[in-house]
Amino acid sequence: MSETGTPLANPRDLPVFAPGEPPRLLAEHLSYAYHPGRSAAPRFTLEPVSFRARRGELLMIVGPNASGKTTLLRLLSGLLRPLAGHVELDGVSLEKLDARTRAQRIAVVQQESPLVFPMSAVEYVLQGRYPYSRRLHFPSTDDLDLAMKSLEQVGGAHLAERWMHEISGGEKQRVVLARALAQQPLLLLLDEPTLHLDIGGQVELLRQLAALAANGRATIVVVTHELGLAAEFADQVVLMHRGRALGTGKPSEVFQETVLREVFAAPLRVEPGASGRPRIVLEVRTE
Amino acid sequence: MSPSKPLTSRKVIGVTLLLALLLLVVAVISLRLGAVSISTPQVGACLVEAATGNTAHMTADCRMIVLDLRLPRVLLALLVGASLSVAGAGFQALLRNPLADPYVLGVSSGAALGAILALLVQPRTTIGTMAAAFAGALLTVAAVYFLGRRHGHLDSFTLLLAGIITASFFSAIIMFLMASLPGRDLRGMAFWLMGDLSSPLPVRTGWLMLVAWMTIGGVYTTAADLNLLAAGEQEAEHLGVNVGRVKLVVYLAGSLLTALAVSVSGAIGYIGLLVPHVMRMLFGSDYRLLIPASALGGALALIIADTLARTVIAPTELPVGAMTAIAGAPVFIYLLRRKLG
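Protein sequences, first through last, are from chains R and V.
Heads up: the first sequence is residues 2 to 288, going by this note's numbering.
Heads up: the second sequence is residues 235 to 575, going by this note's numbering.
Bear in mind the hints are in silico, worked out from the structure with no lab data behind them.
All values derive from a computational prediction rather than experimental measurement.
Each hint should be verified, as a subset may be incorrect.
[Claimed, not checked] Here are a few chain R residues that face chain V, going by a calculated C-beta distance under 8 angstroms:
1) Arg101
2) Gln111
3) Leu137
4) Phe139
Backbone N, C-alpha and C define an ideal beta-carbon position, used for all residues, glycine too.
All chains, please: the whole structure from these sequences, using the hints.
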């Protein structure tokens with residue numbers, strides 16, 4: 002695949018950075034191994050992966066199921082310690098951040114976990130202010146304003162006073178995103194955010210994320226297996242396959258037909274689309 | 235029901251004062267009721283005289299019935315009710331399960347078994363009994379926690395089954411031990427199995443109160459963290475919560491509160507389930523309000539239950555655990571069905 006994708010060890014076309022300014026996100030030779038037992042062979046390994054992203058960039062980690070996408074995201078979140086390598090945010094290694102500071106800089110939107118007790122949407126969003134407040138964390142008027150602003154940003158202002166268990170999956174997704182925005186993060190990580198959305202919802206969410214990245218202060222990293230969405234919206238993609246990063250760079254460089262066919266084991270065709278972005282078509286012929 | 239506004243400290247203080255006032259009223263009513271009825275002014279005068287140390291004009295009714303018989307029992311109910319409710323609310327967040335409760339999880343039975351074993355070995359040391367009850371509670375929570383896991387995740391129904399089976403196993407051992415003791419004691423058996431507030435306190439209530447309220451205060455320091463924990467463990471970590479520390483605090487405090495309650499009153503059921511649930515319905519599920527509300531509400535509920543237990547079929551007394559089970563079991567079934575449905 003080195004003929005088609007960008008080789009990992011020496012990426013040719015990385016985003017241009019202002020001289021002297023550290024990149025917003027820097028992942029250097031990140032690797033990880035998951036051992037089910039102490040002496041057992043690792044069940045899953047992530048081979049060293051490196052990439053960098055600028056402020057305001059939308060980076061998408063793409064790959065089939067069990068390719069290591071989520072592991073990579075968890076390494077970026079700082080909750081999972083890499084076996085080797087490190088992650089830097091604005092030049093500061095994540096290992097140097099305490100939990101509270103980390104939560105002020107990195108927000109994570111996960112595949113949803115069910116709520117045990119009823120909670121209103123605005124209460125949920127206010128949790129995003131936790132890393133900024135003192136012990137008992139009663140919200141200030143500023144916190145409330147910010148929570149409402151975050152909800153507005155995702156088009157969910159009307160949901161504020163609704164119960165979380167009474168709103169739809171798509172609406173819930175917005176509220177979860179609003180909570181992450183209320184953290185005012187430098188880095189926003191999303192794990193399969195389009196999983197339970199229909200195609201309209203997926204496009205709307207990606208539009209929102211692209212807009213947030215473009216005019217916000219955050220760099221956004223999205224894990225997804227939706228190739229089409231990545232081709233259309235990502236500034237940069239990292240293509241994962243069996244614990245290896247096959248390529249990093251612009252979608253037009255990384256999404257090569259032969260590689261995608263191999264990785265996704267599906268008859269995919271890559272066409273040059275308008276605006277220079279590749280278009281990925283599923284080609285199933287019945288003989 | 236539409237959601238309430240985000241919680242303010244003013245609301246916490248307001249609700250806490252309201253419940254404290256209600257607790258005072260119920261306590262006075264409980265002091266009035268019994269085989270001998272005593273009027274409210276008499277109860278009031280009696281309490282004031284006792285508080286000011288002005289015992290010169292104290293009536294016999296005041297000294298013997300109110301101060302010696304009824305007041306210790308009301309105070310004990312207050313202590314046990316508050317402890318069990320806060321332990322329940324804590325376990326519910328810790329295990330992310332609204333049906334968790336020291337009794338349902340078998341923690342009360344574990345504490346009771348620990349206490350009985352200590353009594354068999356060394357009958358006279360109350361501190362030893364309490365320490366053994368604490369050890370029993372800690373071990374039971376740990377055991378149920380690991381038995382309740384399936385495929386590496388805490389499964390709420392496996393957890394409940396593990397708790398219920400652990401409880402019945404420990405109850406059987408308790409019965410076996412009590413029955414084989416010389417001078418079999420049916421009342422003692424009821425005390426450990428059903429919970430009962432009629433036994434005199436082995437140690438000063440003041441000390442127990444101090445330990446219980448300090449432990450409840452310890453749980454309260456984690457209130458904001460518990461809100462996030464209840465919304466998801468990994469998410470709480472992403473938001474900067476030190477999940478390991480919070481879980482340890484709640485695990486230790488919940489076990490200690492259960493052990494305190496059990497070593498003075500046996501295994502009283504359902505208070506830790508019922509009270510936090512009602513408080514959530516009334517005031518929302520925010521732990522910053524839920525913990526003080528559960529503490530006061532638990533005290534309130536157990537004083538009412540015990541007053542009923544000693545008056546409904548007077549002069550015979552029911553174990554208070556029978557009263558709480560009559561009220562609590564149907565609520566448990568209701569919650570279980572709603573969770574399934």
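Does the CB of glutamine 111 of chain R sit less than 8 angstroms away from some CB of chain V? 6 angstroms, holds
Double-check arginine 101 of chain R for me: the hint is only fine if its C-beta lies closer than 8 angstroms to a C-beta in chain V. Check passed: Cβ of arginine 101 of chain R comes within 4 angstroms of chain V, closer than 8 angstroms.
Given hint phenylalanine 139 of chain R near chain V, where the shortest CB pair must fall under 8 angstroms: 5 angstroms, holds
Restraint check, 8 angstroms cut-off on beta carbons, for leucine 137 of chain R near chain V: 6 angstroms, holds
Hint compliance for this structure: every hint is met.
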